[in-house]
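*Asks:* Chain order of the listed sequences is A and B.
Quick note on numbering: the UniProt record's numbering labels position 154 of the first sequence as 154, and the sequence is numbered without any gaps.
Quick note on numbering: the UniProt record's numbering labels position 130 of the second sequence as 130, and the sequence is numbered without any gaps.
You may find that some hints are simply not true.
As the list claims (entries may be wrong) - Here are the simulated lysine-lysine pairs, DSSO-like style, with alpha carbons at most 27 Å apart: (1) A/Lys243 with B/Lys109; (2) A/Lys191 with B/Lys28; (3) A/Lys251 with A/Lys240; (4) B/Lys315 with A/Lys236; (5) B/Lys28 with A/Lys198; (6) A/Lys64 with B/Lys315; (7) A/Lys191 with A/Lys127; (8) A/Lys11 with B/Lys314; (9) A/Lys96 with A/Lys64; (10) A/Lys7 with B/Lys286.
Hints listed in this document are in silico derivations from the structure and should not be mistaken for laboratory results.
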Amino acid sequence: LTCCYRKPKTKRAKRFLEKREPKLNENTKNAMLIRGGNANLTVTEVLKDIYAVKKPFAVLYKRKNITRPFEDQTSLEFFSKKSDCSLFLFGSHNKKRPNNLILGSRMFDYHVLDMIELGVEKFVSLKDVKNSKCPEGTKPMLIFAGDMFDVNEEYRRLKSLLIDFFRGPTVPNIRLAGLEYVLHFTAVDGKIYMRSYKVLLKKSGCKIPRIELEEMGPSLDLVMRRTHLASDDLYKLSLKQPKALKPKKKKNISHDVFGTTYGRIHMQKQDLSKLQTRKMKGLKKRPAEKLAEDGGATPKKSKSA
Amino acid sequence: MAAVRVEAVLAAAEEQEAEKRRSIAVEKELELEFDLGNLLALDRNPPPSAAALRGAAPRREALLRALARDNTQLLVCRLWELPAERAGGAGGPLVARLPEPAFRLPREKPPPRPRPPTRWEQFARLKGIRRRRKSSLVWDEQAKEWRRRWGYRRAGGDPSRAWVAEVPAGADPAEDQFARLRREKRERVARNELNRLRNLARAQRGAPALPMHPTGHQDRAELRRAARVARVSTASLGRFQPRLPREPAEPPSRSGGKKRRFEPLLGDLAAERGRQLELLRDMGSKKPVLDITRAVNKQMRQEEAEAAAAHRGKKQAQRGKRGRRQHQRPGRGGKGGAARRQQQRQPRPAGGGGGAGRRKK
Numbered sequence: 001l002t003c004c005y006r007k008p009k010t011k012r013a014k015r016f017l018e019k020r021e022p023k024l025n026e027n028t029k030n031a032m033l034i035r036g037g038n039a040n041l042t043v044t045e046v047l048k049d050i051y052a053v054k055k056p057f058a059v060l061y062k063r064k065n066i067t068r069p070f071e072d073q074t075s076l077e078f079f080s081k082k083s084d085c086s087l088f089l090f091g092s093h094n095k096k097r098p099n100n101l102i103l104g105s106r107m108f109d110y111h112v113l114d115m116i117e118l119g120v121e122k123f124v125s126l127k128d129v130k131n132s133k134c135p136e137g138t139k140p141m142l143i144f145a146g147d148m149f150d151v152n153e154e155y156r157r158l159k160s161l162l163i164d165f166f167r168g169p170t171v172p173n174i175r176l177a178g179l180e181y182v183l184h185f186t187a188v189d190g191k192i193y194m195r196s197y198k199v200l201l202k203k204s205g206c207k208i209p210r211i212e213l214e215e216m217g218p219s220l221d222l223v224m225r226r227t228h229l230a231s232d233d234l235y236k237l238s239l240k241q242p243k244a245l246k247p248k249k250k251k252n253i254s255h256d257v258f259g260t261t262y263g264r265i266h267m268q269k270q271d272l273s274k275l276q277t278r279k280m281k282g283l284k285k286r287p288a289e290k291l292a293e294d295g296g297a298t299p300k301k302s303k304s305a
Numbered sequence: 001m002a003a004v005r006v007e008a009v010l011a012a013a014e015e016q017e018a019e020k021r022r023s024i025a026v027e028k029e030l031e032l033e034f035d036l037g038n039l040l041a042l043d044r045n046p047p048p049s050a051a052a053l054r055g056a057a058p059r060r061e062a063l064l065r066a067l068a069r070d071n072t073q074l075l076v077c078r079l080w081e082l083p084a085e086r087a088g089g090a091g092g093p094l095v096a097r098l099p100e101p102a103f104r105l106p107r108e109k110p111p112p113r114p115r116p117p118t119r120w121e122q123f124a125r126l127k128g129i130r131r132r133r134k135s136s137l138v139w140d141e142q143a144k145e146w147r148r149r150w151g152y153r154r155a156g157g158d159p160s161r162a163w164v165a166e167v168p169a170g171a172d173p174a175e176d177q178f179a180r181l182r183r184e185k186r187e188r189v190a191r192n193e194l195n196r197l198r199n200l201a202r203a204q205r206g207a208p209a210l211p212m213h214p215t216g217h218q219d220r221a222e223l224r225r226a227a228r229v230a231r232v233s234t235a236s237l238g239r240f241q242p243r244l245p246r247e248p249a250e251p252p253s254r255s256g257g258k259k260r261r262f263e264p265l266l267g268d269l270a271a272e273r274g275r276q277l278e279l280l281r282d283m284g285s286k287k288p289v290l291d292i293t294r295a296v297n298k299q300m301r302q303e304e305a306e307a308a309a310a311h312r313g314k315k316q317a318q319r320g321k322r323g324r325r326q327h328q329r330p331g332r333g334g335k336g337g338a339a340r341r342q343q344q345r346q347p348r349p350a351g352g353g354g355g356a357g358r359r360k361k
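Next up, chain B with everything else stripped away, as it sits in the complex:
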């Protein structure tokens, strides 16, 4: 009896062990594809049928969860097979070394272009001069301690507080040495800056001023800007540059209309004469110079705009802060409204303008 019971117990224990061991095995038709660097697994097997998933929501969730469990089990098996070590000593957590991510994803920005070497770098390469690593601290004899090479509390003492400047041999004794030192420092700084800008210009010589859109489709504003930059890049800043076939004749002024431009005193005499005669002709003719239609249109539009602004202002004051945010008019709506208003106005004041004109006569 006891032996049978012991056997039964052992058999039960063995079955339990076997079950536990089975529990990490997953049966799949096709092997999954793994990218352990990204913790990614791709399952190519056809998913549970659409009919099964279209059923009741809990059943669908259960199916999805079972599928997810199987896939996750496979992924974790793979991850556990990676070489692992204990981080931070014997008691630390088990840490696995991940391989490089294999799945190719697009880059964020284009790879950096290597910049061309500067004039000094070229010279150094030619002569074989190599960089010598300088120490950051220098021994200062005066202060008897290690001081920085440059910066706050530097080794040679504060240069702005230097109270003596030796007159070098062969220099004019009446010259101001302090001024000379300051001037020379300014010159050095300016020369460095100039060389930096020259190196920068040399580096950017290959790059275009306005880079093209990567898809090849430029939008109109960018193209217009590129054309303007190209036209102005001549030696005479584009003054004698012929215009492209569809380009507008008069370019918009760069100062935005702030500077007034006057004709020269003795310019085109024939044109000036023509202008004066035309002015006299207009003054003498009976036809009204003012276009009544357009004037009336403009006036009515202005009145409506004022009324609308007043109305909106009143409503905003009523609604408060929230009102302003909720009722932000989109740009398209505004443009559509103006177009509609213009269309409405056209037939109406034609009659009004005609009537006013008739009345005048």
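Next comes chain A alone, as it looks inside the complex:
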């Protein structure tokens, strides 16, 4: 259970600690949205909108926190330990870096893994767009467009960070009519355009509906500034999944193209002459035939008189 020398005395405390300890299948990652010492209105609005998108897996800190994440990470680590959050978004604003957002993630006992600083150039908030919104807590569809997201190492990390941030809980089933929210990221010319749309499913000729999109929700034009990425081997260590999670392969079962399942059975060597088959009385050997086969053995006396 807990590694502490003190046992939890109540069931509630025990549940609280169990939720926070490392597990095979982890919880959904929580995010903390922090305002820096000199956050302006734009940045605050961005944080509030992203909180609305990421509820209930986010914590919005109402007070300003005077820290500089790129210099000193201890206060952020302390916050994440206390609130059990593994993602953070820190907003600040100064003359050199106006409308700054620092997107970060951590691993391994609450130490900072990756931090990417993004500048917000244009922001349209949820309130400004006067369309209907989708319910809170909808799992969004994520689409990344642009070859920059594969070519550039920093963009690749940014892509994985954004997926981690906006992914939401991992579910086994999903209601097809409830796919209402899509977040689209386009990387063009050094800028990243993030747009959110509400999905309308229209009738089309066949089963699959036609999609119409309606602009909704926060849209951001982002520019990548500084980055603080974890080293490659540390990143690989964090990606490592425990062996127990790997799906167990069922041996000796194969499928062919048409969907037929084939199984393979391994048998020991058998003596085919001694096989136990169905007995048919008519095929039983008569005593005369047996005599001919044996050749010279004394025949049995027949019972009939």
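Knowing the structure of chain A, use the given hints to seat chain B on it.
*Replies:* Leaving out everything else, chain B in the frame of chain A:
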């Protein structure tokens, strides 16, 4: 005429059907990569050119929206192809089974280490003893009903209310049985706790006391703490441990200076003699023991600090609650201010201290 009109109508209807069917088809140069477990689609095609996007905002939005629509259409086509079933009966919503998420994302915490088996677990494995699932309810003969095995209203009755305790055969008749039962229970609890702690210690034997930072860069405070823990982990609690080359000689006391420590009565006699002689020498010399410069510095600094505190207090009282929040001085600003004040003070009181000294003489 009628036939032509009918044909025209049929042709129009067919065209409409064809259009609807076309409308879910999307042309793309490169296929998208899908991760349906995360509802994720990655488009590798080069995006609309920068020039097109740098244009007017509405045009840019329209371009982005068209791109998003195409990509979303492809993703939805894939999602609709998943095996789906009706949840909650025939009239329920159509629900698709999602596959496992394929995109590898870093974990939140390291995977849990399997804890080593306890002493009992090892013994049980050796002997082949298996756990027997006990039922949570037991039949109580007295109360004639099913009662809990332990806890509130347990089967054997409340042990604290037991009013009879049999004297076992071969025991001292004068012994207090109730006291014996209580003492034995306390002993059992203590033994269980001891074994639990022993198992815990055995489990933690492999783990380090202060785990290293995963990046390998420890910060100074953590390293200092680790060094202190390592030094104190000897059998004599670090009293005879040689110090590291750059470590300070006198360790900061753990009680924080609260307990006074006295020299032993008959310690180093030579050192005591030396100390007393030095004291007499200082008393007899003409040179002032007090450093005027430093004393004046200290006094002026104190006065300025008091004045500043009074000023700030007055301002806060004026501004009220909001004032306090808006004017939180950052730590760096405070430190910088003190350094600046010290620098200013150094040249000034050197003259003042010298002047005072000269005056005295």
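*Asks:* Hint by hint, note whether the structure agrees.
*Replies:* Hint check:
no., hint, in the structure
1, A/Lys243 with B/Lys109, "15 Å, holds"
2, A/Lys191 with B/Lys28, "23 Å, holds"
3, A/Lys251 with A/Lys240, "25 Å, holds"
4, B/Lys315 with A/Lys236, "54 Å, violated"
5, B/Lys28 with A/Lys198, "23 Å, holds"
6, A/Lys64 with B/Lys315, "22 Å, holds"
7, A/Lys191 with A/Lys127, "24 Å, holds"
8, A/Lys11 with B/Lys314, "50 Å, violated"
9, A/Lys96 with A/Lys64, "20 Å, holds"
10, A/Lys7 with B/Lys286, "67 Å, violated"
Taken one by one, the earlier hints fail for this structure at numbers 4, 8, 10, listed in ascending order.
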